[in-house]
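Student: In the order they appear, the protein sequences are chains R and P. Heads up, the first sequence stops at 677 in the numbering used here, and the numbers go up one at a time, no gaps. Heads up, the second sequence stops at 1079 in the numbering used here, and the numbers go up one at a time, no gaps.
Just to be clear, a hint being listed does not mean it is correct.
Have a look at the derived ranges for each label pair, beta carbon to beta carbon [as the list claims (entries may be wrong)]:
1. R:K608 - P:T1009: 18 to 26 Å
2. R:A656 - P:I1001: 20 to 28 Å
3. R:S632 - P:F906: 45 to 53 Å
4. R:E607 - P:G930: 35 to 43 Å
BS3-like mimics (lysine-lysine), calculated; alpha carbons at most 25 Å apart, straight line [stated by the list, open to error]:
5. R:K608 - R:K619
6. R:K670 - P:K1011
7. P:K1011 - R:K562
8. R:K659 - P:K992
9. P:K992 - R:K627
10. P:K1058 - P:K1075
11. R:K628 - P:K992
12. R:K628 - P:K923
In case anyone wonders, no lab produced these hints; they're calculated from the structure. Just so it is clear, CB atoms sit at the ideal spot from N, CA and C, and this is done for glycine as well.
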Amino acid sequence: MDIRTLEQQRAEFAYNKVLEVSKKSEDIQKKYRSYVRSAPTLILTNGLGQTLAFYLSKIGNSDGNYEKIDPGNLEKADQKAHAYLYKHIAEWLDKKIIHSENPIEYYIRASSTEVLMMTEEVIALLKWMRRFADAMLKGDERGEG
Amino acid sequence: MYEKTLVLGLYSITPVHAGSGAELSVVDLPIQRERHTGFPTIWGQSLKGALRSAFEREGKNKGVIYSIFGPDTDKASEHAGAISVGDARILLFPVRSARGVFAYVTCPMVLKRFRRDMEFAGRNDIANFEVPSVEDKEAVVPQGSILTINRNNETLVVLEDLLLTAKENELSQIINAIEKIIPDGVDDLGKRLVVVSDNVFTAFVKFSTEILARIAIDQSRGTVKEGGLWYEEFLPADTLLYSIIAISKPKGGSLNDAEAVKSELQGFLESKTYLQVGGDETVGKGFMKIKVL
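Just chain R, with the same shape it has in the complex:
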């Protein structure tokens, strides 16, 4: 049995993901960091479903296969950074709450209390992602501090 606190598990997951991104190009790091910082605001203002759909639109995966997004196959840094963030959120939701690789499909069918649970979990994860992204990734010279 995993007797570590949920917070520890979130921290471990966030740390590993940000560490992964820290090995990518400077461009991707900057973009990823900036998207992580604005993610909670997007979710709190527009809802989790809208935010995930927004990320998908930014990734622009025209074949519609959202379970198998591969950031490596995408062209631009902002597409890649959005893809990493989307995948990280999706993976954590899969692991902890929904047990499905497609958060959008799950979101559409979920009851409103489930949506609240998903939202709460993503926000809790993003708290850690933000701290680690601020600490470990290259930042933009202007704007995001």
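The hints should help you fit chain P onto chain R, whose structure is shown.
Tutor: Relative to the frame of chain R, chain P by itself:
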């Protein structure tokens, strides 16, 4: 010991940022919250500071200010003030509604605390209401609510993205109690009130506060300064909070007894009707309508 009490109703007419400063949150500047419930609050020290500064700005007599609030900081050791300002607690939180624009949302836990606090303040005239019980999927509304939607023989209330089953109930006791502390000019409580479960209420106060992005411009370039983008959280306009002020015999200054402190404070607050609380005053934030009783 405390001899008198005042109850203060605070209704935000612009977003309020009473900042916490010490919390690591998803936003850079979160608002103050109670540790155990996560409910937004305005700490007593913030509120007392706002009251004192309102008094001082009005050019009130120093002796009166010293009696009520205590001496200036450099002489703080001389004596304490006569009032004890309680944390402002949330009573109604505004939430977007599919019908009726927005709802005043509260929950059984908040109502029970309100009743207990009013008993503590000796206001049994306010603390005489029953609290309804409510399930997670329900929303208790009074008859004649403007929030309900009829669909397929079901009556619903849609708050933010949540679909809740409406249950009509006699909420007039609660409405009467809350109306006693609502500042003048807010008269649609009966139409907008909805009682949701403690869980749903918690979700609203956590996820439905206002989050704003703010920037600082580097004038020489006309673009955002380095580090000049931050996210700030606000308690939305149309939130109702209340606080209890306990009053004891003054230990210094020019007032002689608790009754004098009470009437000075009450008279001043009644004449004010507005109070500025929290940060961002110069960008129009933190204005609250007040009622004192």
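Student: With reference to the structure, classify each hint as holding or not holding.
Tutor: So, going through the hints one by one against the coordinates:
1. R:K608 - P:T1009: 18 to 26 Å: 22 Å Cβ-Cβ, so the 18 to 26 Å window holds.
2. R:A656 - P:I1001: 20 to 28 Å: Hint holds: Cβ distance 27 Å, inside 20 to 28 Å.
3. R:S632 - P:F906: 45 to 53 Å: 49 Å Cβ-Cβ, so the 45 to 53 Å window holds.
4. R:E607 - P:G930: 35 to 43 Å: 58 Å, violated
5. R:K608 - R:K619: 16 Å, holds
6. R:K670 - P:K1011: Holds, at roughly 17 Å.
7. P:K1011 - R:K562: Holds, at roughly 16 Å.
8. R:K659 - P:K992: Roughly 14 Å separates the two Cα atoms, so the pair holds.
9. P:K992 - R:K627: 23 Å, holds
10. P:K1058 - P:K1075: The given pair, whose Cα atoms are some 9 Å apart, holds under the 25 Å limit.
11. R:K628 - P:K992: 20 Å, holds
12. R:K628 - P:K923: 23 Å, holds
The structure fails to meet hint 4 from the earlier list, while all remaining hints are met.
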